[in-house]
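Peer 1: Residues per chain are reported as follows:
Protein chains: 2
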Amino acid sequence: MTNKAEQLSVLFASHLENYQLVLAKRLPTSLYAPCIYILSLGGKRVRPLLALAGAELFGASPEVALDSALAVELFHNFSLIHDDILDNAPLRRGQPTVHEKWGRDTAILSGDVMMVQSVRVLESYSSLAYYHLSQLLNKTATEVCEGQQWDMDFEKNDSVTVDAYIQMIAAKTAVLLGCSLQMGAICANASCDNQLALYEFGLNVGIAFQLNDDLLDAFPGEGFGKQPGGDILADKKTFLLLKARALAEGEAERTLEACLAGKWNGSEKIDKVTAIYRELGVDMLCSQLADEYTAKAFKSLDSIDVPDANKDFLRGYAKHLLHRQV
Amino acid sequence: MTNKAEQLSVLFASHLENYQLVLAKRLPTSLYAPCIYILSLGGKRVRPLLALAGAELFGASPEVALDSALAVELFHNFSLIHDDILDNAPLRRGQPTVHEKWGRDTAILSGDVMMVQSVRVLESYSSLAYYHLSQLLNKTATEVCEGQQWDMDFEKNDSVTVDAYIQMIAAKTAVLLGCSLQMGAICANASCDNQLALYEFGLNVGIAFQLNDDLLDAFPGEGFGKQPGGDILADKKTFLLLKARALAEGEAERTLEACLAGKWNGSEKIDKVTAIYRELGVDMLCSQLADEYTAKAFKSLDSIDVPDANKDFLRGYAKHLLHRQV
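Taken in sequence, the protein lines are chains V and S.
Mapping to the numbering used here: the first sequence position 6 is 673, numbers consecutive.
Mapping to the numbering used here: the second sequence position 91 is 758, numbers consecutive.
Worth flagging that the hints you see were computed from the coordinates, not collected in a lab.
Source: prediction; values computed, not measured.
A couple of the hints might just be wrong.
Which copy is meant is left open, because identical chains are indistinguishable; a pair holds if it fits in one copy or across any two.
Unchecked claim - Think about it this way: if two alpha-carbon atoms lie no more than 25 Å apart in a straight line, the pair counts; the simulated PhoX-like pairs of lysine-lysine are:
no., residue 1, residue 2
1, Lys692, Lys823
2, Lys806, Lys692
3, Lys692, Lys768
4, Lys904, Lys823
5, Lys671, Lys936
6, Lys978, Lys903
7, Lys768, Lys823
8, Lys966, Lys904
9, Lys903, Lys930
10, Lys986, Lys963
11, Lys768, Lys978
12, Lys930, Lys823
13, Lys966, Lys939
14, Lys768, Lys910
15, Lys963, Lys978
Working from the sequences, and respecting the hints, build out all of it.
Peer 2: Spelled out as structure tokens, the structure:
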């Protein structure tokens, strides 16, 4: 992490803390305590940091984007509360999820109220900036809901294409990165062309990030914290699995289908599947595709009409994201 | 129903139908079909009608408020989807609820996406009008979530005061009536004072309406469609029950507590409880309080600075609401 990322993180952390104090005064406590709780579970705060950096890219002070940064973090945390219900997840960052701690009903309602607050914190901007910021956030929110539904639909669908998968991960996670950056750009009064180029940068970094994430699950590098092979054990339709099913023939196809039919479990299943992935070269294909999206992202960043030195931080931060998990 | 109400209903129905066609083109269908479904279950469309009437009160064409009317109806239907999950309700208007038909997860997500759309349909307005409209809708949305949580909290709380109850019904249902009217007024460029007076009218009509609803559950008039005594059988903390518990002494208190402890069931329980309500006069107190809120509402309408004839429709429509169920 660079010094700049540290600075922006500290700036945002203090803004978020003040907002949590505001929420702590609201009633009923039973509705707002879960909001404060999930915000306090931490995280790398990637989205708010992108919003602040998006403003700074255009020479503005990051402070102008603080409420936009708060908006995207609130929206992200709303989606975590509801997604955890959908996934029946007991834990988030090692702590009980909101629905585990307060029950399903309060988790639904606290999520709802947090989504509304994500737009309300934008009311500090001028009416014109508010119009653009909340329009972008609501478009993105719509896509995130759509992406989440696609993801659920894919679980029951045996003919998901790689293209549909990319569209799903774009909607479910990458658009919010683009949105965060563009909101920062809006706060800095950037031109429409520059705003859109920055959005494209975030979107493509997000897709590359997700493809990397798929790869790291099957082939974890050193110091990778997540339980490796989780996607394989859950038969999750990642790029690797979809591509492998499209390419596998003969023995490889039979073994892969037997894996999906539950013939092997645990590390044996992981070993069989990763061997097929390597044999078919889908790990390389995934890595190549991630590189293509990364190249597209950097080309988009290059096209933005500001001094090149302004882009150093985002370039470095994107590289950092694409090599480490957040 | 007056001719005017009929006209406004037809105008809104056609606008809503067009919007449902827009939703029908969006993907994934699995996300939007539940939205289209719940919107097609009908209802009296009280809130959109108030939005249209709110604009007309100030001499504007009701057409200017069509997207505001759509916004409040979308928001209302979002809240129905999520509330039905909270209530484990199998039916709405005699049809399966969204979570019954599509499952809990899709019901959560379809509700989420519909809430976002309720603000997005306001994007057709100028940036300044959008700023005011969405700010009001989001403030109201926050209160509705709070009201719903208060309601859930009250179920487990044995010391709910009448004042807290009034605050809860105001937040849960009445604020959206005030909001609908004020949004219409904003579309008609009404002054702030006029806007607020119209909001107060809607808020107080809403509270009076809810008190009437409590009364009608225990003492249904002729032609009342709902199963009478439902609140009593469910030990629901209505105005009547809260006031009765506050006033009951001696034999009445013992009988009431025995009813709540489950000593009697069915019509026997309803008869015992309603007898106590009459004995203590809480039916009269409820009716008087509803009348006070009604008077406050009409006083607020009177104060609005437009020709008195413009107010005829809202006056008549409010009377209609306060004497019939919607």
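Peer 1: Run every hint past the structure and note whether it holds.
Peer 2: Going down the list of hints, with the structure as the test:
no., hint, in the structure
1, Lys692 to Lys823, "between (44 Å within a copy, 22 Å between copies)"
2, Lys806 to Lys692, "between (30 Å within a copy, 16 Å between copies)"
3, Lys692 to Lys768, "within (21 Å within a copy, 39 Å between copies)"
4, Lys904 to Lys823, "within (10 Å within a copy, 43 Å between copies)"
5, Lys671 to Lys936, "neither (43 Å within a copy, 69 Å between copies)"
6, Lys978 to Lys903, "neither (36 Å within a copy, 61 Å between copies)"
7, Lys768 to Lys823, "between (29 Å within a copy, 17 Å between copies)"
8, Lys966 to Lys904, "neither (29 Å within a copy, 62 Å between copies)"
9, Lys903 to Lys930, "within (16 Å within a copy, 53 Å between copies)"
10, Lys986 to Lys963, "within (13 Å within a copy, 63 Å between copies)"
11, Lys768 to Lys978, "neither (43 Å within a copy, 50 Å between copies)"
12, Lys930 to Lys823, "within (20 Å within a copy, 49 Å between copies)"
13, Lys966 to Lys939, "neither (38 Å within a copy, 77 Å between copies)"
14, Lys768 to Lys910, "neither (39 Å within a copy, 34 Å between copies)"
15, Lys963 to Lys978, "within (15 Å within a copy, 60 Å between copies)"
Going through the hint list in order, the structure does not satisfy hints 5, 6, 8, 11, 13, 14.
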